[in-house]
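Protein chains in written order, with this note's numbering: chain A, 852 to 1169; chain B, 852 to 1169; chain C, 852 to 1169; chain D, 852 to 1169.
Hints may be right or wrong, so weigh each one.
Result set (EDC-like, lysine to aspartate or glutamate): computed pairs, CA atoms no more than 16 angstroms apart in a straight line [stated by the list, open to error]:
id, chain 1, residue 1, chain 2, residue 2
1, D, Lys1145, C, Glu1111
2, A, Lys1101, B, Glu1111
3, A, Lys1101, A, Asp1138
4, A, Lys1069, B, Glu1038
5, A, Lys1145, D, Asp1138
6, C, Lys1100, D, Glu1038
7, A, Lys1101, A, Asp1128
8, A, Lys1033, B, Asp973
9, B, Lys1145, A, Glu1108
10, C, Lys1101, D, Glu1111
11, B, Lys1100, C, Glu1146
12, D, Lys1101, A, Asp1138
13, B, Lys1101, C, Asp1139
14, B, Lys1145, B, Glu1108
15, C, Lys1145, B, Glu1111
16, A, Lys1100, B, Glu1146
17, A, Lys1101, B, Glu1038
18, C, Lys1069, D, Glu1038
Worth flagging that the hints you see were computed from the coordinates, not collected in a lab.
Number of protein chains: 4
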Amino acid sequence: MHFNYQHLHQVLSKTYQSKRVNHWLSTGLLILIFLNILAIILESVSSIEIQYSHLFKKFEIFSVVIFSIEYLARLWACAGLTQYKHSTSAFKSRLRYLVTPMAIVDLLAILPFYLSFFFALDLRFLRILRLVRIFKLTRYSAAMKTLTSVLRDEIPALLAAYFIMVIVIILASSGIYLLEQKIQPNEFGSIPASMWWAVTTLTTVGYGDVTPLTNGGKLFGGLITLIGIAMVALPTGIIASGFGNSFRKKRQSYGLEVAEALADGVITNHEQEKLNDIRSSLGISTDDAQQIYKEAIFQHLQAKQVCCPNCGSLPKEA
Amino acid sequence: MHFNYQHLHQVLSKTYQSKRVNHWLSTGLLILIFLNILAIILESVSSIEIQYSHLFKKFEIFSVVIFSIEYLARLWACAGLTQYKHSTSAFKSRLRYLVTPMAIVDLLAILPFYLSFFFALDLRFLRILRLVRIFKLTRYSAAMKTLTSVLRDEIPALLAAYFIMVIVIILASSGIYLLEQKIQPNEFGSIPASMWWAVTTLTTVGYGDVTPLTNGGKLFGGLITLIGIAMVALPTGIIASGFGNSFRKKRQSYGLEVAEALADGVITNHEQEKLNDIRSSLGISTDDAQQIYKEAIFQHLQAKQVCCPNCGSLPKEA
Amino acid sequence: MHFNYQHLHQVLSKTYQSKRVNHWLSTGLLILIFLNILAIILESVSSIEIQYSHLFKKFEIFSVVIFSIEYLARLWACAGLTQYKHSTSAFKSRLRYLVTPMAIVDLLAILPFYLSFFFALDLRFLRILRLVRIFKLTRYSAAMKTLTSVLRDEIPALLAAYFIMVIVIILASSGIYLLEQKIQPNEFGSIPASMWWAVTTLTTVGYGDVTPLTNGGKLFGGLITLIGIAMVALPTGIIASGFGNSFRKKRQSYGLEVAEALADGVITNHEQEKLNDIRSSLGISTDDAQQIYKEAIFQHLQAKQVCCPNCGSLPKEA
Amino acid sequence: MHFNYQHLHQVLSKTYQSKRVNHWLSTGLLILIFLNILAIILESVSSIEIQYSHLFKKFEIFSVVIFSIEYLARLWACAGLTQYKHSTSAFKSRLRYLVTPMAIVDLLAILPFYLSFFFALDLRFLRILRLVRIFKLTRYSAAMKTLTSVLRDEIPALLAAYFIMVIVIILASSGIYLLEQKIQPNEFGSIPASMWWAVTTLTTVGYGDVTPLTNGGKLFGGLITLIGIAMVALPTGIIASGFGNSFRKKRQSYGLEVAEALADGVITNHEQEKLNDIRSSLGISTDDAQQIYKEAIFQHLQAKQVCCPNCGSLPKEA
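Excised from the complex, chain A in its bound form:
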């Protein structure tokens, strides 16, 4: 068999014909990413770093080699991507792949290593920069896709909520600055300084390292605190509503498919298989699917029963 970039692409995107190859490759990369994150965290502990610095260095080189190969392989294979199939040339589709978010993440995951040969960079900062590898995980987590899609739908509302929050933070820090500035010139000496208190209070974190001391400040602070819980409620409300809507849309979407399959009176084996595929792709539980099906059947029967007051005969199966 001739192994070309389309096969490679199928392997990398877990659609290759050999399921075992797909599985081992993605599992291997996943483990490597996790080990990398663990290594970065452990390396920051001085005692561990001193003792195993040699090991960490070797592991880093090994990881960069693997990630570099992965990056080049994906770049070469991307010409097999369906969305790039109609590009005039493989080169053009590769150029277009280069600027996708995942390709940039893959590049940033290895770039610092290579740059450190040419530039003198702060070692500690360089190490932390490797944490960008954490974003490589998004490629593998199916569960996160629902979450991120809900968050994406709610971005305009969330931005508006954060905008209101910024306004309230500015007003709160200006007010407390006026009231506490004389008593606590270090903590509330300017509006930017007072913002630390405003943010930690309005988000209900409340460290307590800076608190109002005057009666006026406490009264103002208490009011701000009460407003704070409404502000924390805004993103929660937006996200809760987003999840609810996402679920409802999925159910309706599946319900329509069932109703369409039922339109001719029977659900064939083929239709059943198709419905199952849709169900699992939408992430609807079998319990829910059962209820949606029951409802569709009932409505179908009612529609039929309702409609032959004169003719008295059952509607023919279309």
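Guided by the hints, dock chains B, C and D onto chain A, whose structure is given.
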């Protein structure tokens, strides 16, 4: 072309025929507001204030001049507002405009500057008062309109939630006052003094600057803390439900429009355009619109199909 | 006109024919309750208490006199209550009224005053006990009724949530007791002592007066903290869902009424008035009502149009 | 009467014919579990432990004897379980019962006691281990079943939310480690050390025992805090949506049953009883049931009315 107050009004409300004029004017004012807020924040930092006090003064005068012109322009142009068109005179409609919330905000944004010539006001307080200019932003933010409309719908429920909260705060501070007063006469010496602890605890901020020390106080405090999370839940629940309802209403509203357009069996180009306008004004995504359309089509077909399975004739248009 | 207990009852329940009498009486009592709460709060401040103790005493006597008259008036008038109308005697219905929650609150609001003549009670505790008068407010607040009805519907779910919370608090305090007991024998010396930390952490209050110091304790504490946000989420989720359901039920309920009124094809003036009453009693905004009406009309028309495939004639108005 | 393991099983699962036997047995066991938890908590208080150590020991032996009898009884009786009825032998069904979660909890509740005879275990740890008995409660709490079923449905979404949270915690602690490490080498000396701050901040607990001191750290900390409230919003949103969906599904499920019972035009006494059973098993209030019923009736009537306005004949039963 004769440029009258109706043209000016169109420019100010971004409905003027020249889109470029609309765009530059609103962008310019927006930037000026942002710069003003930034200036107020920076001016509160002593080191910056001392070094650039001259610059800040000039910028303030420039801003007040622009905002004054804007205020007068809006006042003069408001006679062009459709809701004031049937007023007997331009003067009367201007009087009515003067007391609208946005006109008051515009006035408050410039008034302190003029008042400072006549009265000796505390300079620091005067500066902070300028922050009222932040509310001028609401005129430009489209995203905040959805948010504020949801909040407005839920105001009665939110007020009731805050009323319950005030009652619980009074009861909590009275209880802790009884229990902790002897041990901590400074912190819990009276009910008003104890309220500081009650508010920061019930909102789950928990600074920790004042905490119960007796066993009785800790037991009572623990119970109050547990009640606190239900109280934080109230506004969150109200707002979450508000967002959910707002979304549902929009979908139903659009669904009705689609169904009406479908009533005659086809959606004409003209109807399609109208639907698109409604969709974007309601802020429904194209994905959602697609699903709503699919549903409406299905119901339309079912309604038709339901009634003539055997007779084969289409229902007559009523 | 003979003024009997039925008239008195009408006055007290704000259904008397003279609206002005109703209004002044309820407003007067409302103000008196608010002044009482304010007095209790201010009296706890030593400096104020010393200066105005005579005034506070007079106001207390005045309040108790009024509240006593109110209590006796309600007790005498309750025979006029519709739900007690079928009682065999006025005496029996009064006995039954005596044990209603509102009657008990009314009694508790005055009882401490009378008891203080017979028993030597701690003065400070006695004063705080008067705060029970705060619950007299529930009789007047219409907005709180929706809120409390939602909360009542969700009581079983909320209790279950608090039950889970208690279990997690016990497990968390036991775990931290094992891990921190040796280092901090005062703060974590026993499970009950550790509960203070567990409660303030799991509710995300986080005073910071007691925190784990060992690495094990911090790891365990971190995990407990992460679990804490899910526990705070439980009551919020329950209440959010409760508000959503309450709103949906109201809409459906009103929708049914509109559909029934529409069944005969027209909405008469009388039906319109009835619908308006239902709408305002359900607390549905006119905007929402408009949309519900539009939907009902559409469904009504569709049902009609759909149904005459054979007869070809419009359905007769029933 | 011959009393075999099927009777015993009925007693243990509260389905025995004598309701009094069922009631006393389950109440007795419930009280014993509560007393056990109370004993474990009190025993951790040194003063109480020293004084009553003898009593605690006796109570422990008594509890273990009862729980051991319960364990053996359930094991013997499990052959009466319907789901095991088709097992080839009672022995096999008992083996399968042994590995169910509840059986493991029952075993863990008594095992430490027996193990302490053979192994020298830390007494304090051993005592806390007994807290596993708290999970025996789940068998008796009906209210917790709804809650746990909602949580189970949302496990994939919640896991995804916690996964995002872990990523944000790693990024936050890495960032603060870079910024604060030099100033506070003890608190922010490594990424794992910084995680304590990150977790307490992102969950809005905010102890305040560790806070950023540099301007950069405060700026970064403020941003992290603002992100924190969105992260707390995720599980809340997921759970709120879960409760809403659970309620909706229950209503729809009941609505379908009502509609089916109504299909023949009348609800017989037998159908009414069945509906009542379904209603209470779904935990729908009578108020809600009433509304669902009203809706179903209306739709039924409309469906009928719709089709024969002129012809006057009832649709034939299909």
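Against the structure, the hints:
no., hint, verdict
1, D:Lys1145 <-> C:Glu1111, "holds, 11 angstroms"
2, A:Lys1101 <-> B:Glu1111, "violated, 25 angstroms"
3, A:Lys1101 <-> A:Asp1138, "holds, 14 angstroms"
4, A:Lys1069 <-> B:Glu1038, "holds, 12 angstroms"
5, A:Lys1145 <-> D:Asp1138, "violated, 25 angstroms"
6, C:Lys1100 <-> D:Glu1038, "violated, 53 angstroms"
7, A:Lys1101 <-> A:Asp1128, "holds, 13 angstroms"
8, A:Lys1033 <-> B:Asp973, "holds, 14 angstroms"
9, B:Lys1145 <-> A:Glu1108, "holds, 10 angstroms"
10, C:Lys1101 <-> D:Glu1111, "violated, 25 angstroms"
11, B:Lys1100 <-> C:Glu1146, "holds, 11 angstroms"
12, D:Lys1101 <-> A:Asp1138, "holds, 12 angstroms"
13, B:Lys1101 <-> C:Asp1139, "holds, 11 angstroms"
14, B:Lys1145 <-> B:Glu1108, "holds, 13 angstroms"
15, C:Lys1145 <-> B:Glu1111, "holds, 11 angstroms"
16, A:Lys1100 <-> B:Glu1146, "holds, 11 angstroms"
17, A:Lys1101 <-> B:Glu1038, "violated, 54 angstroms"
18, C:Lys1069 <-> D:Glu1038, "holds, 12 angstroms"
This entry does not satisfy hints 2, 5, 6, 10, 17, going by the numbered hints stated previously.
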